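Chemist: Chain residues, written in single-letter form:
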Amino acid sequence: MNTQEIKLPSRIESVDAAAEAADDFAKKCGCGDECVYALDLAIRESVANAVKHGNKFDETKEVEISFEEFDNVIEIRVRDFGTGFSVADVPDPTDPENLLKSNGRGILFMNSFMDEVKWENPPGGGLRVKMRKKL
Amino acid sequence: MSDITITERQAGDVTILDLDGKVTIGEGSVALRTAIRRVLGEGKNKILLNLGGVGYIDSSGIGELVSSFTAVNKEGGTLKLLNLTQKIQDLLAITKLLTVFDVYEDEAAALASYN
Chain F
1 MNTQEIKLPS RIESVDAAAE AADDFAKKCG CGDECVYALD LAIRESVANA
51 VKHGNKFDET KEVEISFEEF DNVIEIRVRD FGTGFSVADV PDPTDPENLL
101 KSNGRGILFM NSFMDEVKWE NPPGGGLRVK MRKKL
Chain P
1 MSDITITERQ AGDVTILDLD GKVTIGEGSV ALRTAIRRVL GEGKNKILLN
51 LGGVGYIDSS GIGELVSSFT AVNKEGGTLK LLNLTQKIQD LLAITKLLTV
101 FDVYEDEAAA LASYN
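Chains as they are written, first to last, in this note's numbering: chain F, 1 to 135; chain P, 1 to 115.
Hints may be right or wrong, so weigh each one.
[What the hints assert, rightly or not] Derived pair list, reagent style DSS-like, types lysine-lysine, alpha-carbon separation capped at 27 angstroms:
1. P:K46 - F:K134
2. P:K46 - F:K130
3. F:K101 - P:K96
4. F:K130 - F:K61
5. F:K118 - P:K96
6. F:K56 - P:K46
[Stated by the list, open to error] One side only, chain P facing chain F, incomplete, derived with CB under 10 angstroms:
7. E64
8. T70
9. I94
10. D102
11. Y104
12. D106
13. S113
14. Y114
15. N115
Worth flagging that the hints you see were computed from the coordinates, not collected in a lab. Bear in mind the structure is a predicted one, so any value in this text is a computation, not a measurement. Backbone N, C-alpha and C fix where the C-beta goes; we use that ideal spot for every residue, glycine too.
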């Protein structure tokens with residue numbers, strides 16, 4: 001079983017840093033190109049959400065990321081320390097009235113490219129998204 | 001160094017922006033926004049975005065394409081897309097934005113469509 005944990009500051013540059021770590025982890029686990037791309041996109045969107053909407057660029061708050069590989073599955077967890085939000089309240093970006101909005105598509109991409117996406121409110125506050133991808 | 005290079009060409013009254021690199025949150029999206037504003041500021045409102053060199057785009061980049069589209073429309077112009085990679089095409093399909101953008105695989109056909 002492979003595992004890795006990293007903590008990153010709440011700034012946009014952390015999106016690239018998280019994606020690099022995900023790419024390295026995925027390749028170490030033997031992911032193919034399609035799987036690497038899916039993980040890269042999913043972690044970029046989840047870390048961007050954590051930095052922008054969760055921690056609201058507050059650099060005193062970190063983004064905690066963990067990667068785990070078990071039973072031919074890669075699991076990524078991304079946690080922020082914000083006030084949380086209800087994913088169900090996020091407008092559907094494919095609804096015709098939302099098509100021309102400039103944001104709100106990150107969760108759609110995470111759901112589209114990962115096999116499983118779950119949102120949790122961990123003890124201690126914030127929001128954690130747990131995403132799984134079969135190898 | 002920026003993750004994206006944007007080169008401007010002129011074909012008649014159509015401005016072609018050749019994008020090369022990544023359009024992602026941060027510099028890539030900002031560079032696209034800046035280029036579109038600059039071109040609109042010069043009074044050019046027929047814009048063709050050549051995405052053939054864009055190897056990667058995220059939801060922020062897709063959002064910037066939408067913002068560019070609406071900004072150009074507001075100026076009475078038209079923004080069209082050229083040479084989508086398979087990945088970008090997939091993302092535009094997932095987001096149902098293929099129904100919004102006018103998309104071309106051939107530059108000559110794209111330019112002819114402005115007339």
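Chemist: Are the hints correct? Go through all of them and say.
Modeler: Tested hints:
no.	hint	verdict
1	P:K46 - F:K134	violated, 44 angstroms
2	P:K46 - F:K130	violated, 44 angstroms
3	F:K101 - P:K96	holds, 12 angstroms
4	F:K130 - F:K61	holds, 19 angstroms
5	F:K118 - P:K96	holds, 24 angstroms
6	F:K56 - P:K46	violated, 37 angstroms
7	E64	holds, 7 angstroms
8	T70	holds, 6 angstroms
9	I94	holds, 5 angstroms
10	D102	violated, 14 angstroms
11	Y104	violated, 20 angstroms
12	D106	violated, 26 angstroms
13	S113	violated, 21 angstroms
14	Y114	violated, 21 angstroms
15	N115	violated, 26 angstroms
Hint violations for this structure: numbers 1, 2, 6, 10, 11, 12, 13, 14, 15, all remaining hints satisfied.
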